[in-house]
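K.L.:
Please take these sequences and the hints and turn them into a complete structure.
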Amino acid sequence: DTAVSQTPKYLVTQMGNDKSIKCEQNLGHDTMYWYKQDSKKFLKIMFSYNNKELIINETVPNRFSPKSPDKAHLNLHINSLELGDSAVYFCASSLNFVSYEQYFGPGTRLTVT
Amino acid sequence: DQQVKQNSPSLSVQEGRISILNCDYTNSMFDYFLWYKKYPAEGPTFLISISSIKDKNEDGRFTVFLNKSAKHLSLHIVPSQPGDSAVYFCAAKGEYGNKLVFGAGTILRVKS
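Chains as they are written, first to last, in this note's numbering: chain A, 35 to 147; chain B, 123 to 234.
Honestly, the hints are just simulated from the structure, not real lab data.
Each residue gets a CB set at the ideal place from its N, CA and C atoms; glycine is no exception.
Any given hint could be a false lead.
Distance condition first, Cα-Cα at most 25 angstroms in a straight line; then the derived BS3-like pairs of lysine-lysine [to be verified]:
| id | chain 1 | residue 1 | chain 2 | residue 2 |
| --- | --- | --- | --- | --- |
| 1 | B | 221 | A | 86 |
| 2 | B | 193 | A | 74 |
| 3 | B | 127 | A | 75 |
Some but not every residue of chain A turned toward chain B, in silico, with C-beta under 7 angstroms [unchecked claim]:
| id | residue |
| --- | --- |
| 4 | 124 |
| 5 | 139 |
| 6 | 141 |
P.N.:
So this is what it looks like as structure tokens:
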């Protein structure tokens, strides 16, 4: 059973489109995250939710909107996609907000053409 | 600004020998450090961690050393195995919450 799963694994779309990436964890964790791995390979946190509440919101364009319908799911919606949004997006979860170990999903490779 | 730096993009080691991966950080408020391992097309997986109050943590073949005065940590893998070939990320946690700051990673290749 996959602990943290993301769909889709690959996403190719054109500039200006709106797309969503879904994330689910079956670990019973309270806290979930979205990371972006850019072309320089750095993993940078974008958002963190704890029990469906937003707790970390880094400097991310407001075209990116996370949504957590319940604590097992954290989806990422991106409006008006730009070329610079091309990256690998990783979802992660941790037991709670003070737990240091984060469990990552397999990533979604987004390509904007 | 890169608060966590892994200055070696890649490292190649013979099977059975020691692999040493290095990481430097600039923020003295970081109080917890983690190493993650990543295979292609997979997400990073937690490997080992160390609190800033310690200078060494060991787990089987993996040992992490922390030198706070130098703001440097290293991951030692002994003996290295071909299955250890992966990208290794160093990460640091700040004093507030659980935000992790990652380095760019080091590609380790263990040759058999």
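K.L.:
Any hints from earlier that this structure breaks? Give me their numbers in increasing order, please.
P.N.:
none
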